[in-house]
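Colleague: Protein chains in written order, with my numbering: chain A, 1 to 255; chain B, 1001 to 1563.
Treat the hints with care, as some may be off.
What the hints assert, rightly or not - Here chain A is said to cover these stretches of chain B; the calculated rule only asks that three of the stretch's residues, wherever they fall, bring their Cβ under 8 Å from a Cβ of chain A:
hint : region
1    : 1069-1077
2    : 1098-1107
3    : 1141-1149
Unchecked claim - Here are a few chain B residues that sit away from chain A, every Cβ distance over 12 Å (derived from the structure):
hint : residue
4    : Thr1020
5    : Asp1046
6    : Leu1080
7    : Gly1122
8    : Arg1221
9    : His1337
10   : Arg1440
11   : Tyr1473
12   : Asp1500
13   : Thr1509
14   : Tyr1545
These are computed hints drawn from the structure, not numbers from a lab. For every residue, glycine included, the Cβ atom is placed at its ideal position computed from N, Cα and C.
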Amino acid sequence: MKSAVRVCVLVLCAVWSHVHAAQDPQPYRVGVEDIDYRPYQNGLNGGFEGFGRELLDAFARDRGIRFEYRPMPPSRLLESLLHDRIDFKYPDDPDWHGALRQGYEIHYSRPIVGYLDGSLVPPERFGRPAAEIRRLGIVLGFTPAAWTQPIQAGRVALMENADFSALFQQAMTGRVDAAYADVRVARAQSQRLFGSPDLLVYDPGLPHASGHYRLSSIRHAGLIEDFDRWLAANAALVSRLERQAGLLDPPGSLD
Amino acid sequence: MPSTSSSSSVRRVAFRYGLTFQQAAMTLLVVLVLGIMVGAGRIFVDWRAMHVETRSNIGKVLALVEGSAAEAAYQLHPELARRLVDGLLVFDPVVHVELRTDFGRILALRAREPDAGSIAPGWGWLFEDASHYRLRLEYGVPGGEREDVGQLRLDLSPEMLARRFLHRVARDAVFELVRSLFISALVVAIFYFMITRPLLRLGRAIAEVDPDAPGDWLPPRLKGHGRDELGLLSEHLRRLLQSSQRGLDQRDLAQRELTLLNQELERRVEARTLELERALGDLERQKTEVERAFSELDLTHRHLALANQQLLESHRYARRIQTSMLPDSAVLGDAVHEIQVHWEPLHQVGGDWYWFARRGERCLLLLADCTGHGVPGAFITLVVAAALEHLLHHRGLAAPGLILQALDLEVRRRLRQQNPGAESDDGLDAAALCWEAGERQLRFASVGSIPLLAMVPGEPIEVIRGARGHLGYRSLAAPNVIAERSIQVGPGTTLYLMTDGVPDQMGGTPRRLLGRRKVAAWLEAHCELGLADQVAGLSRMLADYRRDEARRDDMTLIALRPI
Chain A
1 MKSAVRVCVL VLCAVWSHVH AAQDPQPYRV GVEDIDYRPY QNGLNGGFEG FGRELLDAFA
61 RDRGIRFEYR PMPPSRLLES LLHDRIDFKY PDDPDWHGAL RQGYEIHYSR PIVGYLDGSL
121 VPPERFGRPA AEIRRLGIVL GFTPAAWTQP IQAGRVALME NADFSALFQQ AMTGRVDAAY
181 ADVRVARAQS QRLFGSPDLL VYDPGLPHAS GHYRLSSIRH AGLIEDFDRW LAANAALVSR
241 LERQAGLLDP PGSLD
Chain B
1001 MPSTSSSSSV RRVAFRYGLT FQQAAMTLLV VLVLGIMVGA GRIFVDWRAM HVETRSNIGK
1061 VLALVEGSAA EAAYQLHPEL ARRLVDGLLV FDPVVHVELR TDFGRILALR AREPDAGSIA
1121 PGWGWLFEDA SHYRLRLEYG VPGGEREDVG QLRLDLSPEM LARRFLHRVA RDAVFELVRS
1181 LFISALVVAI FYFMITRPLL RLGRAIAEVD PDAPGDWLPP RLKGHGRDEL GLLSEHLRRL
1241 LQSSQRGLDQ RDLAQRELTL LNQELERRVE ARTLELERAL GDLERQKTEV ERAFSELDLT
1301 HRHLALANQQ LLESHRYARR IQTSMLPDSA VLGDAVHEIQ VHWEPLHQVG GDWYWFARRG
1361 ERCLLLLADC TGHGVPGAFI TLVVAAALEH LLHHRGLAAP GLILQALDLE VRRRLRQQNP
1421 GAESDDGLDA AALCWEAGER QLRFASVGSI PLLAMVPGEP IEVIRGARGH LGYRSLAAPN
1481 VIAERSIQVG PGTTLYLMTD GVPDQMGGTP RRLLGRRKVA AWLEAHCELG LADQVAGLSR
1541 MLADYRRDEA RRDDMTLIAL RPI
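Using the sequences plus the hints, can you model the full thing?
Modeller: What follows is the structure in structure tokens.
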């Protein structure tokens, strides 16, 4: 009698697990940056929040799929995508680490939100010529695309820092001549870390680069195309989310 | 005894055969061998220790840089990785450092060739197994999990490690050799001053001992050795030589005494030899006399043998005569149905005698056992035969009792026994059986030890005894009346007459006389046999009963079946 009861319980458990699995499909792994990169997103301490999260979650809800976010150093994101350890990378841009992408067929979504990577200097050094920049600071994992040629020519030395706090300290103490980062993010970090958004100011006279964040994938080209369609169909929602995050403001301003 | 000068017996020992050299060589050899053995063990231990030490040190270094290496690998930080790799290259034996990410990308790599002067080519195998290290790098990602983020590879130059090791070994070997030489020299010096030199002095002093007067030897003065073994050896040697001197003195004394004793013994031997020569002369004479006595004894034996032979021939002739005197049973003719006689004197002749006679229908059977056996008994039988011949032919007696009574008187008369002074006191036992041919009735009379045994088939044997007493004999009175017994016989009835020599057989176990009862029992048991077989079987039974016992008397058995 006991054996029959045990068999029934096991069968019920198996059926429940099967039904539950059918209702809860395998999530897609989305690699995100494990840094505080507000106002775009915040991936510190294993979480992921901000504009990027809200946008992707909205798409997933619409499509009945599930995203599992995996924060990791920005430098590992592309390698993880290329080695099939994640299904999607966000954010991404075809111009970042172009050499590494050679030989891989990566599918990119349409542009989601624009960014401006610029050179930030202490206010007293604003307007100096680019030739005076010998040491350029950057957060580890980012690519100073605008400074590629002087760096390769050896005129500029690249100094990588673990986070924005270290980068700002280096720039303010003069150990680096300029910091290269997203302008919106740099202002927000300055405000949060030091109580003032303008400890470092964006110098448009120095090399800078602009572009758009995209969602990329190697294995799920169809879902990327669907995401593009969703973006087009939900432009209003996207704009609302951008507005809520403050991404519609000019890069140099701070709400 | 010629004396040898002490100086001629001393010879110098070549240095290479000397104790000093041998001590030095042996000490050096032992120390070197021990040093090599211990050194080999120490080299092995050092080699193992260097393995352990190298692994331990590299392990500590890798543990020290593990966090930074994992951070560089996780962050994919080439600059950090380069600095870390450069830092590891400060260690001389490190020839290759490589930090590889979990994506397979080499973040940093440095390799170098060691200096030719800092390696030991061909010895790298000593540390090949301690030269290569791989450190798997893990990084704690948010959420608490540890993620494999890459690998740090570090290679050492085994030839460089080997050179360090060999350099250490060579240094230790040099120290060991120097130490061995020093110890050997020290030991040899100590032995020389403490043992060898005093021994040499003692040896030279011993060489100066006068063999004829060892007791005069004075031991050398061994300074500083008065109480040690060398001093004791010198003292013992002195005592030994003094004891030897005493022994020599005692030997000389004993030799003198022995010479005197030998002279005394030679005198005694000469005297004893003279005595022995005299004794030998006496023995020779006695031997001659004994040989002469033996010759006489042999002659006597030959005479005795001749006499014995003559006596035996005489007896054999007498037996022939006595045998020819015995009657043939055929004289009875048809008066008996069957008759068998067994006559066996103890010697060639005997005192048993029997007689058969038939005159008309009257028949007589007489059996006599005369005094003694051998020749005397035979002579008596001659007297009895002559007497019975006289009684039967001249007096015509037909009754057995009368015949026996008349035989008594006739024997007494012929041996002159009526005279009290007669020399003969001999006689006989006798039994007589008379019957008429064809009659079934027989008359029997007996005097002495000859009974009549009557056996009817199917019935117990009947023993009919005679009258007491004997016939003849000067010392006995003649029997007054000799009773007769009438016996009725039927077909198959067997009658036996036997002298006492038949039952008086000594033998058996326990040893005893056979007896008439056992003879009668044997006859009853074999009654179905014919008389010849009975007599022959009884004779074998008697012989078996006697075994090795000698017969004691003449024996005669007469068996007859009248009808």
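Colleague: Looking at the structure, which of the earlier hints fail to hold?
Modeller: 6
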